[in-house]
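Q: Taken in sequence, the protein lines are chains A and B. In this text, residue positions in the first sequence follow my numbering: the first is 1, and each later residue adds one. In this text, residue positions in the second sequence follow my numbering: the first is 1, and each later residue adds one.
Hints were generated in silico from the structure; no laboratory data involved. Beta carbons are placed, not taken as given, at the ideal position from N, Cα and C, and that holds for glycine. Hints may be right or wrong, so weigh each one.
Here are the simulated SDA-like cross-link-like pairs (lysine to any residue), alpha carbons at most 25 Å apart as the crow flies [as the list claims (entries may be wrong)]: (1) K52/A - N28/B; (2) K100/A - Y49/B; (3) K17/B - A86/B; (4) K100/A - N70/B; (5) K3/A - S72/B; (6) K52/B - H102/B; (7) K52/B - S95/B; (8) K100/A - K17/B; (9) K100/A - G16/B; (10) K100/A - S72/B; (11) K3/A - R68/B; (12) K100/A - R68/B; (13) K3/A - T60/B; (14) K52/A - N70/B; (15) K38/B - H77/A; (16) K38/B - I102/A; (17) K100/A - N55/B; (18) K100/A - M3/B; (19) K44/B - S28/A; (20) K52/A - N19/A; (21) K38/B - N70/B; (22) K52/B - N28/B; (23) K44/B - G15/A; (24) K3/A - L108/A; (25) K38/B - N7/B; (26) K38/B - Y46/A; (27) K44/B - N53/A; (28) K38/B - Q11/B; (29) K38/B - Q45/A; (30) K100/A - T26/B; (31) K3/A - E57/B; (32) K52/A - P100/B; (33) K52/B - R91/A; (34) K52/A - Q99/B; (35) K3/A - K52/B; (36) K100/A - H96/B.
Chain B regions said to be covered by chain A (calculated; three or more residues, Cβ under 8 Å) [to be verified]: (37) 34-45; (38) 93-106.
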Amino acid sequence: DAKTTQPPSMDCAEGRAANLPCNHSTISGNEYVYWYRQIHSQGPQYIIHGLKNNETNEMASLIITEDRKSSTLILPHATLRDTAVYYCIVRLSYGGATNKLIFGTGTLLAVQP
Amino acid sequence: DAMVIQNPRYQVTQFGKPVTLSCSQTLNHNVMYWYQQKSSQAPKLLFHYYDKDFNNEADTPDNFQSRRPNTSFCFLDIRSPGLGDAAMYLCATSSHENQPQHFGDGTRLSIL
C-alpha cells in the first residue's frame, strides 16, 4: 500500500505557482520522498526527490517539513503542459528487491488558461 | 531523444493468444522494470531485472513472464491474455535499484 496521502485534484492558473501537498506521516528515517508526474498517454516522469533538506532543480522545488511528515512540490510558473497526475512516493534509500516505487492515487493538477 | 523505447505503442491481441511486448534502452542501466497500469489507476510493478537477476512481485500472475537477453532489451510475455489484462504496460530503467526510474511511453494492450 502507498504510504502517502494526496488530494485527488487541484486547479492552478497558468503562470502562477502550483503547490502540491503530500502527507507521509509514517515515513521512516531512511526513506526518501520522490515526486513523479504522468502526462496523459505518456509514461511517468521523474521530477525530484529529497530526504530532509529542501531541494530545487530545473523543474520544481521540494519543501519537506522539519518532522518529515509532509512535503510540498512547487512548480514556480505553471504552464498548460504541466497538466498531469502528480505522484508523491516514499521509498527506501538503499537498493534491494524491496526498494520499489509504490504509486498511490496521485493528484490531478489541471492548469487553467 | 527517446531513452526508453517501447514498441509498439498500441498492440491488439486475441483472447488466449500469446503476446510479447518489447522495451529497449539506450541508457545502459542495470535495472529494468515492467509495470501494469489499468485505466484510471496508478502503475503497479509486475517484476524487475537487476542485470540478469529476475525479481518477481508476489502478486504477479504466472501468466506474465519476462526475458532480458542483454542489457538493452527486456520483453514482457503474456502467455494467455484474458480480458482483464487489457492495460497500459510501462517499461522503466534505473542505474541502480535506489535511483530515479526513467519510463517509456508504454504499450497499450487491447484484448479482443
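Q: Would you mind marking each hint as holding or not holding in the structure?
A: Against the structure, the hints come out as follows:
no.	hint	in the structure
1	K52/A - N28/B	30 Å, violated
2	K100/A - Y49/B	12 Å, holds
3	K17/B - A86/B	13 Å, holds
4	K100/A - N70/B	22 Å, holds
5	K3/A - S72/B	32 Å, violated
6	K52/B - H102/B	19 Å, holds
7	K52/B - S95/B	14 Å, holds
8	K100/A - K17/B	31 Å, violated
9	K100/A - G16/B	30 Å, violated
10	K100/A - S72/B	21 Å, holds
11	K3/A - R68/B	31 Å, violated
12	K100/A - R68/B	19 Å, holds
13	K3/A - T60/B	21 Å, holds
14	K52/A - N70/B	37 Å, violated
15	K38/B - H77/A	31 Å, violated
16	K38/B - I102/A	15 Å, holds
17	K100/A - N55/B	11 Å, holds
18	K100/A - M3/B	21 Å, holds
19	K44/B - S28/A	22 Å, holds
20	K52/A - N19/A	18 Å, holds
21	K38/B - N70/B	28 Å, violated
22	K52/B - N28/B	13 Å, holds
23	K44/B - G15/A	33 Å, violated
24	K3/A - L108/A	18 Å, holds
25	K38/B - N7/B	18 Å, holds
26	K38/B - Y46/A	20 Å, holds
27	K44/B - N53/A	29 Å, violated
28	K38/B - Q11/B	15 Å, holds
29	K38/B - Q45/A	18 Å, holds
30	K100/A - T26/B	22 Å, holds
31	K3/A - E57/B	18 Å, holds
32	K52/A - P100/B	17 Å, holds
33	K52/B - R91/A	23 Å, holds
34	K52/A - Q99/B	17 Å, holds
35	K3/A - K52/B	30 Å, violated
36	K100/A - H96/B	11 Å, holds
37	34-45	holds (count 4)
38	93-106	holds (count 10)
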